[in-house]
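Protein sequence lines correspond, in order, to chains A and B. Residue numbering for the first sequence is 1 to 201, as defined by my numbering. Residue numbering for the second sequence is 1 to 83, as defined by my numbering.
Treat each hint with caution, since some may be false.
[Unchecked claim] Chain A residues, not near chain B, derived (Cβ > 12 Å throughout):
1) Asn21
2) Leu25
3) Asn51
4) Arg55
5) Arg59
6) Gln79
7) Arg80
8) Glu91
9) Ala103
10) His117
11) Glu127
12) Ala142
13) Leu182
14) Arg186
[To be verified] Distance ranges between label pairs, derived from CB positions:
15) A/Glu199 with B/Ser82: 52 to 62 Å
16) B/Glu38 with A/Leu131: 21 to 31 Å
17) A/Arg55 with B/Lys41: 50 to 60 Å
18) A/Asp9 with B/Arg30: 44 to 54 Å
19) B/Pro26 with A/Ala133: 38 to 48 Å
20) B/Glu55 with A/Glu91: 26 to 36 Å
21) B/Asp31 with A/Pro126: 30 to 40 Å
If you are wondering where the hints come from, they were derived from the structure by calculation, not from laboratory data. A virtual CB, placed ideally from N, CA and C, is assigned to each residue, including glycine.
So the chains spell out like this:
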Amino acid sequence: MIAALRARDERVFAELMRMYNASLLRVALIYVATRAVAEDVVQETWIGVLNGIDRFEGRSSLKTWIFRILTNIAKTRGQRERRTVPFSALERPDAVPEAAVDADRFLPPDHERWPGHWASRPEPWPEERLLAAETRAVVERAIDELPPAQRAVISLRDIEGWSSDEARNALGISETNQRVLLHRARSKVRQALEDYLTEAM
Amino acid sequence: MSASIEQLSCQELVELVTDYLEGALPERERDSFEHHIEGCKGCHEYVRQMRETIELTGTLAPADISPEAEAALLSAFRDWTSR
Ligand SMILES: [Zn+2]
Chain A
1 MIAALRARDE
11 RVFAELMRMY
21 NASLLRVALI
31 YVATRAVAED
41 VVQETWIGVL
51 NGIDRFEGRS
61 SLKTWIFRIL
71 TNIAKTRGQR
81 ERRTVPFSAL
91 ERPDAVPEAA
101 VDADRFLPPD
111 HERWPGHWAS
121 RPEPWPEERL
131 LAAETRAVVE
141 RAIDELPPAQ
151 RAVISLRDIE
161 GWSSDEARNA
171 LGISETNQRV
181 LLHRARSKVR
191 QALEDYLTEA
201 M
Chain B
1 MSASIEQLSC
11 QELVELVTDY
21 LEGALPERER
31 DSFEHHIEGC
41 KGCHEYVRQM
51 RETIELTGTL
61 APADISPEAE
71 AALLSAFRDW
81 TSR
């Protein structure tokens with residue numbers, strides 16, 4: 001693929017774009033405020049890829065390299081917009097605690113027999129409704145509403161099917177932080193599904 | 001951490017689900033996690049729902065590139081090759 005790109009093969013470039021463009025956009029949105037700016041950043045990234053491909057040494061995967069270019073451009077743009085969110089969201093996701101499940105679903109910590117046990121436990125979901133198109137739309141909406149860093153991680157991992165290493169390399173974050181973001185994202189999507197599937201039951 | 005079975009509450013367990021599914025729990029904690037979900041209907045169901053959530057998310061189509069963006073980029077590509 002690298003050789004084909006260097007040989008100016010348009011089909012390979014188009015293929016790369018189809019593979020990564022949407023993910024690049026999601027990652028860019030962690031750093032910049034608007035979709036328009038994110039699209040700019042992605043476009044600049046591809047130009048950076050073309051300009052740099054002859055110097056690409058293959059020390060990382062092509063994918064990781066492309067995302068590094070994006071992150072650098074996006075960071076610069078984000079700083080210009082004076083956004084400080086990326087640092088805390090990506091590098092210190094633990095700074096703001098977030099519960100996977102509301103505390104009021106559990107018995108209080110001073111409960112004499114079952115502290116922290118379910119007060120209202122999750123009920124099985126109706127299998128046939130899980131496969132309905134509306135249920136998928138609920139998942140999509142829940143992902144759209146996530147903070148950008150969580151949205152990027154769950155998209156790369158669970159929609160695009162990347163490994164945790166691929167995702168954390170693309171984002172330049174630690175394994176642990178990648179997992180914290182994934183955990184929060186998945187927990188919220190589960191909650192959205194539970195809200196939807198039990199309210200209509 | 002020496003989370004014994006008694007110490008791991010449901011409220012704590014739900015925060016460990018991703019570590020568990022990612023294979024990132026140390027053996028000791030993994031054992032108490034598994035022991036807990038075997039005996040706790042609520043947590044058993046919770047873990048199942050997390051798996052169902054992941055599976056369902058996996059059925060979403062990866063976002064595609066917009067035709068406008070693709071056209072713009074291909075034209076940038078042609079500029080680049082003609083240099
Ligand atoms: Zn439990």
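We went through each hint and held it up to the structure:
1. For asparagine 21 of chain A, the requirement that its beta carbon stay farther than 12 Å from each beta carbon of chain B is not met, with the minimum near 4 Å.
2. Non-interface status of leucine 25 of chain A relative to chain B is broken: a Cβ of that chain comes within 12 Å, the nearest being about 8 Å off.
3. Under the 12 Å C-beta cut-off, the non-interface status given to asparagine 51 of chain A relative to chain B is violated; the minimum distance is some 8 Å.
4. With 12 Å as the threshold on Cβ separation, the claim that arginine 55 of chain A sits away from chain B holds: the shortest Cβ distance comes to roughly 14 Å.
5. At the 12 Å boundary, the C-beta of arginine 59 of chain A stays outside the reach of chain B, the nearest C-beta of that chain being 23 Å off.
6. No beta-carbon of chain B is positioned within 12 Å of the beta-carbon of glutamine 79 of chain A; the least distance is around 24 Å.
7. Distance check for arginine 80 of chain A against chain B: the nearest CB is about 22 Å away, which clears 12 Å, and the non-interface claim stands.
8. With a minimum CB-CB distance of about 19 Å to chain B, glutamate 91 of chain A clears the 12 Å threshold, and the non-interface call stands.
9. Remark: the non-interface label on alanine 103 of chain A conflicts with the geometry, its nearest Cβ contact in chain B lying 7 Å away (cut-off 12 Å).
10. Listed as outside the interface, histidine 117 of chain A is inconsistent with that label: its C-beta sits roughly 5 Å from the nearest C-beta of chain B, within the 12 Å cut-off.
11. Here glutamate 127 of chain A does not stay apart from chain B, with its beta-carbon only about 9 Å from theirs, under the 12 Å limit.
12. Listed as outside the interface, alanine 142 of chain A is inconsistent with that label: its C-beta sits roughly 9 Å from the nearest C-beta of chain B, within the 12 Å cut-off.
13. Consistency note on leucine 182 of chain A: stated as away from chain B, yet its beta-carbon is not over 12 Å from all of that chain's, at 6 Å minimum.
14. Its beta-carbon lying about 6 Å from the closest one in chain B, arginine 186 of chain A breaks the requirement of being farther than 12 Å from that chain.
15. Between glutamate 199 of chain A and serine 82 of chain B the Cβ separation comes to about 58 Å, which falls inside the hinted range of 52 to 62 Å.
16. Distance hint for glutamate 38 of chain B and leucine 131 of chain A: a CB-CB separation of about 28 Å, consistent with the stated range 21 to 31 Å.
17. With their beta carbons about 58 Å apart, arginine 55 of chain A and lysine 41 of chain B fall inside the hinted range of 50 to 60 Å.
18. Our hint of 44 to 54 Å for aspartate 9 of chain A and arginine 30 of chain B holds, since their Cβ atoms are close to 47 Å apart.
19. For proline 26 of chain B and alanine 133 of chain A, the hinted distance range of 38 to 48 Å is satisfied, since their beta carbons lie about 41 Å from each other.
20. At roughly 30 Å, the beta carbons of glutamate 55 of chain B and glutamate 91 of chain A sit within the given window of 26 to 36 Å.
21. Against the hinted window of 30 to 40 Å, the Cβ-Cβ separation of aspartate 31 of chain B and proline 126 of chain A comes to about 33 Å, which satisfies the hint.
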